[in-house]
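Student: Heads up: the protein sequence lines correspond to chains A and B, in order. If you're matching positions, the first sequence starts at 602 in our numbering and goes up one per residue. If you're matching positions, the second sequence starts at 66 in our numbering and goes up one per residue.
Among the clues, some could well be false.
[As the list claims (entries may be wrong)] Example chain A residues on the side facing chain B (calculated, C-beta under 10 Å, incomplete):
#1 Met-723
#2 Gln-733
#3 Ala-800
[Said to hold, decoys possible] Over 10 Å on every C-beta distance to chain A, these chain B residues come out as not near it, computed from the model:
#4 Val-93
#5 Ala-108
#6 Trp-115
#7 Asn-117
#8 Val-120
#9 Ile-123
#10 Leu-155
#11 Phe-200
#12 Ala-222
#13 Pro-228
#14 Phe-250
#15 Gln-275
Hints were generated in silico from the structure; no laboratory data involved. Just so it is clear, CB atoms sit at the ideal spot from N, CA and C, and this is done for glycine as well.
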Amino acid sequence: MPPTENTPTNPSPYETAGTTAPSTASASVAPSSSAPPAIEFKDVEKSFGSTTVLKNLNFTVAPGERVTLIGPSGSGKTTILRLVMTLEELTGGYIFVDGKPLTFEERDGKRVELPKKQTRAMTTRIGMVFQQFNLFPNMTVLDNIIEAPIHVLGKSKDEAVKEAKALLEKVGLGEKADAHPTRLSGGQQQRVAIARALAMSPEILLLDEVTSALDPELVGDVLAVLRDIAETTDITMLLVTHEMQFARDVSHRVMMFDGGQVLEEGTPDQIFNNPSHERTRSFLSSVL
Amino acid sequence: MIWNWEFAAEALPLLLRGFVNTLIATVVGTIIAAILGLIIAVAIRGLPRWINWLVRLIVAFIRNTPLVVQLIFVYYIFAGIPGLVDVPALVIGFIVIGIHYSTYMSESYRAGIDSVPPGQHEAATALSLPPVRTFTAVVLPQALRATIPSLGNYAVAMFKDTPFLFAISVVELVTSAQQFGAAKFAYTEAFTLAGIIFLLASYPTSLLIQRLDRRLATY
Ligand SMILES: Nc1ncnc2c1ncn2[C@@H]1O[C@H](COP(=O)(O)OP(=O)(O)OP(=O)(O)O)[C@@H](O)[C@H]1O
Ligand SMILES: [Mg+2]
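Just chain B, same shape as in the assembly (with noise of 0.2 Å):
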């Protein structure tokens, strides 16, 4: 096994349009989840007992599924559906992945609102807060800060989880070293610098998340 450099220079093009789309899927993605985990959170609490107990049921099914079984699945009953054959891959990758991490998101909303203090809601109810603005006013903004670092923990996982895009045929960042790798026979420059880039890009943020946790731990 031996490093060659010119491969190397030739393949990090390649990778860095890859990584392009491990960057939409991660960014849209988290961006899904975030906002589909928090009215899950809100509705398996306020919502009529059925409603919840199906809302449960689905989480806990996507929960109990593999991520690329379900991008796999999603992606074939969409290629069969006539009008929606033109979605592009990417889409439906960021949508899946999107919805699959919003149900673990939506456990750490759940965590962060329960957290709040009792007393926090009966000074809301002696202040006569409805109950709309307690939760958007009191209740929300102390659980975010408790819920945002794990938010940021599974973004990175997120992230990390993106090469099972290629099972629907997204060239993202592990997927183009892999084609990289297989035309020039050259694997070890290809994934070396495919690593790189994502460590590059995943440790900076955790770091970032570390102290966010602990800026966030005291008002």
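The following block holds chain A by itself, in its conformation from the complex (with noise of 0.2 Å):
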């Protein structure tokens, strides 16, 4: 056990491997809990200009759970993770997190917006990794790790830079905390995005298609990380991916979507093997 482990003040995701978290990744029994939903999508509506893109959408997110979001390009998974994380606006309804409101809330029968630093507040809970990466070029690797611990969390530096350098070993970095992500391969990027986001110790990870982006090569160093976090911590997941035996392997749920709607949702197992949808077969034929 890395001594990290027993310090009490602000673990690191990494070190606090999860209690209630399922002792192998393929857990397929979502674990339940008394606690209010990590996540969930309450009546929510989402368009863009005169396009709908979401309507009614009612869904929520256990505690530890990991859910995969699958369905066919268009059908609105990225929407629903960009607005979970604050980055698009939520045109109707409402997103709790931690049964807290996150963007709006109702007061007197009425839909209010919520104060940005709020919202801000309600944000440090939840990671997000975009397909993009999206580092900080004009940082180094350590510098974009330690960066919100410091000016969100208020950490010291030392106490930042110790958790980022045994963040970066855990994602096999541990020798390029001074590259410029720039000089570094997808693949690496992708997994300083990865410890980036855990740096914060995030209670819901978002991971929209985390590996598309990637030379086919390089995959399979990222998937390792992601079935590592899963394994070793209780972090609740939502995510996309192409990767179908990665989903099949660490969610506990899989929830295929069509034009914005939940089309069926099960076990990996149902989905993958008994879908009870036409459109689900023949969009796990698509992919499979």
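Can you join these two chains into the complex? Each is in its own frame, and there are hints to help.
Tutor: Laid out in structure tokens, this is it:
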């Protein structure tokens, strides 16, 4: 066990091997809990101008649960993740994180937007890894990782650096702390991006096709890191991926989207081996 | 037209004294323009609509009137205000030049800020970075890489605009050449030397900016 395991203040997510996490990544039973859902969509509606992408969308994700969103291109998977990360404006309904409103709440029967600061306090619990990595090119790898822990969580530089280095070791990039992101391969950049998200000790991790921009030979390393996170932490994950074997292995639940609606959902086994909708079947045969 | 080395030798110290004013106006003017330009670029982005509109109007006004007119206008306004009569013309000069060029530099900053990809803002949001920190730590450093070469080009342009200072009786390089030429009837020597001094100062600067441009193009 690394010594940081016993540090009571600000444990890194990696070292706090979750007690509620399933013992294997392939657990197909969602953790049950009496706590409020990690994520709740209530009557969510999202439109871009006059195009409605999501309509009356309702679903919950339990704490520690790992949910994979699948569905044809344009079905709204990315939009859902971006709504949770507050990268898109919610045009209708509510999103709750840990039972608390994220961007809008109902007050006296009216839908009111929360102050930006309050929303930002909520998003500190949420991390996101992007398809295009989006590392800050003006900073070294280490500075990318310690930026938010220092300036958002108020950690000391020493502490942030120590945790960042431990995270870099975990993602197999201990040597690259002082490198600039542009000097790294796509796979390495993506692992830095994962470390950067983990440095904030998120309760929820959003992963949007994080291996889609990578050369095939680099996908494995990134997926290995994600499997490791799934196995050793109890971070709630909402992910979109075309790596069906990976989705099967790490998710508790798979939700099939079509036209902004949940067409069907179930355990990976149910959805992948025995889908009840013809559209799911044809979608799966197109990607598998 | 004949070249007189004696006149040339006599002219050189005078010209260099004028050149000091040229340099002061350029350097201080550049500093004012670079700072004010950034403030304008940020203000146009972040301020309420009516101030934003006012700033744009002022910027458009300054950009669309000649520098020499602005110099003379401000100089005579200052000359008419009792408490300000003693402000040296050179000070008025670099302030006006600085403000004039800040309107151009603000445009470079704006373009630089716009060139930062949306993914950078999204990553900052995903990390819950507050807006000010996002701007100073993520957006501005990246924007400056795109902006600095063009700020350098404006500094060189400003340098070449300093002869307008003669209009408010600042004796800079060209005015001192003019004065010497008139006194000794040695215009050839005086202006040839003035031209060479300009060239010696601005050509290496331009080369430096080009190299900087290439270096800043990649991380
Ligand atoms: N900024 C935007 N402006 C207008 N329309 C948008 C915008 N972003 C997404 N859309 C539309 O919303 C719909 C859902 O897009 P989204 O990216 O969520 O789909 P997706 O399921 O992630 O698809 P893919 O598998 O191709 O990534 C699409 O029809 C898309 O064109
Ligand atoms: Mg998508």
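Student: Each hint: holds or not?
Tutor: Hints, one by one, checked against the model:
1. A distance limit of 10 Å between C-beta atoms decides the matter here; for Met-723/A the minimum to chain B is near 9 Å, and the interface restraint holds.
2. Hint on Gln-733/A holds. Least Cβ distance to chain B is approximately 6 Å, under the 10 Å limit.
3. This hint holds: Ala-800/A has a C-beta 9 Å from the nearest C-beta of chain B, less than the 10 Å allowed.
4. Separation of Val-93/B from chain A is adequate, the least Cβ-Cβ distance of about 29 Å exceeding the 10 Å criterion.
5. The claim that Ala-108/B is not at the interface with chain A holds, since no C-beta of that chain comes within 10 Å of its own (minimum 20 Å).
6. Consistency note on Trp-115/B: stated as away from chain A, and its beta-carbon is indeed over 10 Å from all of that chain's, at 22 Å minimum.
7. No Cβ of chain A comes within 10 Å of the Cβ of Asn-117/B; the nearest lies about 20 Å off, and the non-interface call holds.
8. With a least beta-carbon separation of about 24 Å from chain A, Val-120/B lies farther than 10 Å from that chain, consistent with its non-interface assignment.
9. Even its closest Cβ contact with chain A, about 30 Å, leaves Ile-123/B beyond 10 Å, as expected for a residue assigned away from the interface.
10. Consistency note on Leu-155/B: stated as away from chain A, and its beta-carbon is indeed over 10 Å from all of that chain's, at 38 Å minimum.
11. Distance check for Phe-200/B against chain A: the nearest CB is about 12 Å away, which clears 10 Å, and the non-interface claim stands.
12. Distance check for Ala-222/B against chain A: the nearest CB is about 28 Å away, which clears 10 Å, and the non-interface claim stands.
13. The Cβ of Pro-228/B lies farther than 10 Å from every Cβ of chain A, with a closest approach of about 39 Å, so its non-interface assignment holds.
14. At roughly 58 Å from the closest C-beta of chain A, the C-beta of Phe-250/B stays outside 10 Å, upholding its exclusion from the interface.
15. Chain A leaves Gln-275/B outside its interface by the beta-carbon criterion, the shortest separation being 22 Å against a cut-off of 10 Å.
In terms of the numbered hints stated before, the structure departs from none.
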